[in-house]
Amino acid sequence: MLNNETIYELTQGIEFMGYEHMIFYCENVIKTKSERDVYRKAFFYTLGILVTTRTNIDSLYDFQSNCPKLDGFGQKWQTEFTLKLCRLAINLYNGFCQNGTSWEDTTTDTDGKYTPYELFSMPFMKYMVEAIKIRYPQYMKC
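Just so we're aligned: 59 in the numbering used here is position 55 of the sequence shown, and the numbers increase by one with no gaps anywhere.
Keep in mind that the hints were calculated from the coordinates and are not lab data.
Any given hint could be a false lead.
Unchecked claim - Listed below are the simulated DSS-like cross-link pairs for lysine-lysine, each with C-alpha atoms no more than 25 Å apart in a straight line:
hint, residue 1, residue 2
1, K137, K35
2, K73, K137
3, K73, K37
4, K37, K137
5, K80, K37
Said to hold, decoys possible - Here are the simulated distance ranges between beta carbons:
hint, residue 1, residue 2, range
6, V133, W81, 19 to 27 Å
7, P127, I18, 27 to 35 Å
8, K80, Y12, 18 to 26 Å
9, N8, K80, 32 to 40 Å
10, Y12, Y121, 34 to 42 Å
11, E122, I34, 31 to 39 Å
By construction, the Cβ of each residue, glycine as well, lies at the ideal position given by its N, Cα and C atoms.
Could you build all of it, start to finish, from the sequences and the hints given here?
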C-alpha cells in the first residue's frame, strides 16, 4: 500500500522529475517487492522519467515473471529519447548492451548506442545520473 511513510522511505535522498515520476517509481517498486533491489529500483526510476515510458511500462516489464521485456524496444511508440531511457534502464538492470530486441539476439552494440556519449545526449541527463546513483549506492556515498 502506498502511504506517506512508504513514499518517504522509498524516495529519501532521490530527486524526481515530478510527482508522477515519484509515484510511478514507488508503485512499481512496491508492486514488484523490490524495496531492497537496486537493479529494479534503478530500472523503474529510469523508465519513470518520461510519460511515454510510464504509460507503456507493460510492454517493457513483465510483472508476472518479474523481469524486463526487450520486445518493448521495438514498439512503434518508441522515440529517440524513450529508447535512450530504455537502454539505460536495461543496462542498469543487468548490464545488457546488445542491439537486439530479444534476449536471444546477442549481437553486441557495434554502433555505440549504449555509450555514455549516445545515452546521455538528452535534456534528462540529470535524472539519468540519479538512476545511476540508485543502482550504485555503495559508490555514491560522500
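Consistency of the hints with the structure:
1. K137 with K35: holds (22 Å)
2. K73 with K137: holds (23 Å)
3. K73 with K37: Roughly 18 Å separates the two Cα atoms, so the pair holds.
4. K37 with K137: holds (20 Å)
5. K80 with K37: violated (30 Å)
6. V133 with W81: 19 to 27 Å: Once the Cβ atoms are compared, 25 Å apart, the range 19 to 27 Å for W81 and V133 holds.
7. P127 with I18: 27 to 35 Å: violated (19 Å)
8. K80 with Y12: 18 to 26 Å: violated (38 Å)
9. N8 with K80: 32 to 40 Å: 38 Å Cβ-Cβ, so the 32 to 40 Å window holds.
10. Y12 with Y121: 34 to 42 Å: The hint (34 to 42 Å, Cβ to Cβ) holds, given that Y12 and Y121 are roughly 36 Å apart.
11. E122 with I34: 31 to 39 Å: holds (32 Å)
Of the hints listed earlier, those the structure fails to meet are numbers 5, 7, 8, in rising order.
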